[in-house]
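Colleague: Single-letter residue listing:
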Amino acid sequence: MSLGHELVLLIVGFVAGIIGALAGVGGGIIITPLLALYFGIPLPQAIGTSLIAVITTSTASSSVHVQRHVTDIKLGLTLELATALGAAIAAYYAVYANRTFIALLFSCFMLYSAYTLISRLWKTRRDNNQGRQIPAYNPKRYPLGLAASLVAGGMSGLLGIGGGPIKVPVMYIFMEVPLMVATATSNFMIGVTAAASAFVYFRRGDVLPAVAGPLVVGVFLGSILGAKAAPKVHQKYVMILLAVIMLYLAAQMTIRALAGRIA
Amino acid sequence: MSEIRDPRLDTLVARTLRWGAYAAFMVLAATLLIAPFVEVGTASQLYRAGVLVMMATPGLRVLIALLVFLREHDYKYSLVAGGVLLILLLGSVFRIGEH
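If you read the protein sequences in the order shown, they are chains A and B. Under the working numbering, the first residue of the first sequence is numbered -3, with each subsequent residue one higher. Under the working numbering, the first residue of the second sequence is numbered 803, with each subsequent residue one higher.
To be clear, the hints were calculated from the coordinates, so they are not data collected in a lab. No experiment lies behind these values; they were computed from the predicted model shown. Ideal Cβ positions, reconstructed from N, Cα and C, are used throughout, including at glycine. You may find that some hints are simply not true.
In silico contact screen, one side only, chain B against chain A (beta carbon under 7 angstroms); selected entries [unchecked claim]: (1) D812; (2) A825; (3) F839; (4) G843; (5) V853; (6) L865; (7) R873; (8) Y877; (9) L881.
To spell it out: a stretch of chain A is covered by chain B in this simulated footprint if at least three of its residues, at any positions, have a beta carbon under 8 angstroms from a beta carbon of chain B; those stretches are [stated by the list, open to error]: (10) 159 to 168; (11) 207 to 218.
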């Protein structure tokens, strides 16, 4: 890999890290399609490599959330039983999945993520009006939470993403966990979920360390800068920008998948 | 709250995540800097090592949580943490399901 390629990957990771930290997403949803569409990396390797960036975002940001006592570690560990299992199983069987199907599924997930991002924008504004205190709560409907976590884990293992857009609404709406805790706990769980499938991809040779290395450095620096800049930046514009990027990438991926041009 | 927060568990888990992320970052950033001056094989091995440190960090924080729960005789969550660790180990160390 040339120095030029490494620099481009570093910049891609840095931008994804900043946007991810500002919008509260793992970054995999941007990195996987970018690697597949613009770097010519075959989809399974783009997914495997993206998982390492997802682990980085989760690890860097959840260390801060855990230290601030916003993360519910016990709830996270319980749901991780399902996400890790789902991710590992999906990663084992991803090798048999049709690439066009995976690309189209990814496009659908990007559309859904863009929708949840915009709807979360509305909820965040409403929650901000209610103050930053975490209200007393008791998670409900664990079977439903575990089932949704299994699906989120499966999507993570199949697509190389964090699965936050599935876990956060389920924890917030059905398990009655406050949004701030649900977001931090989902972020915390993403590391283990992505690691469960990343090991499978790594053993299969579908993680490209020379691509992942510069990406991780960029994502790490971008996440730190994004977290520091978050209080000074209008989150609304970042979320709208991310939603627009996702819609564009979803369209690109769908067009290429239907034309049979996904490697 | 679902349970009363354990500040010691939070601190230990946060430190594990932070140190793991920094360790992987240092290895990968150093490799990125020296890559143009060393052999391709050496750079590849260093990138591989950094990536593996990053991949192992979430598992390490589960192990830390398991040890804290065992020390506090919290067997319910020891079992939960042990289950998560087992799933990670089945996929990574024991290579179950490898094609």
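Colleague: Now, for every hint given, state plainly whether the structure supports it.
Modeller: Here is what the structure says about each hint:
Interface restraint check: B/D812 against chain A, minimum CB-CB distance 5 angstroms, threshold 7 angstroms, status holds. Hint on B/A825 is violated. Least Cβ distance to chain A is approximately 11 angstroms, over the 7 angstroms limit. With its C-beta approaching chain A no nearer than about 11 angstroms, B/F839 sits outside the 7 angstroms limit, and its interface hint is violated. With its C-beta approaching chain A no nearer than about 11 angstroms, B/G843 sits outside the 7 angstroms limit, and its interface hint is violated.
Given hint, B/V853 at the interface with chain A, holds; its Cβ is 5 angstroms from that chain's nearest Cβ, closer than 7 angstroms. The beta carbon of B/L865 is not positioned within 7 angstroms of any beta carbon in chain A (closest approach about 11 angstroms), and the interface hint is therefore violated. Interface hint at B/R873: violated, since its Cβ lies 15 angstroms from the closest Cβ of chain A, which is beyond the 7 angstroms cut-off. Against a cut-off of 7 angstroms between C-beta atoms, the interface hint on B/Y877 is violated, since the closest Cβ of chain A lies about 13 angstroms away.
Of the supplied interface hints, the one on B/L881 is violated, with its beta-carbon coming no nearer than about 10 angstroms to a beta-carbon of chain A, more than 7 angstroms. Note: the region 159 to 168 of chain A has 0 residues with beta-carbon separation from chain B under 8 angstroms; the three-residue rule is not met and the coverage is violated. Residues of the region 207 to 218 of chain A with a Cβ under 8 angstroms from some Cβ of chain B number 6, which satisfies the need for three, so the listed coverage holds.
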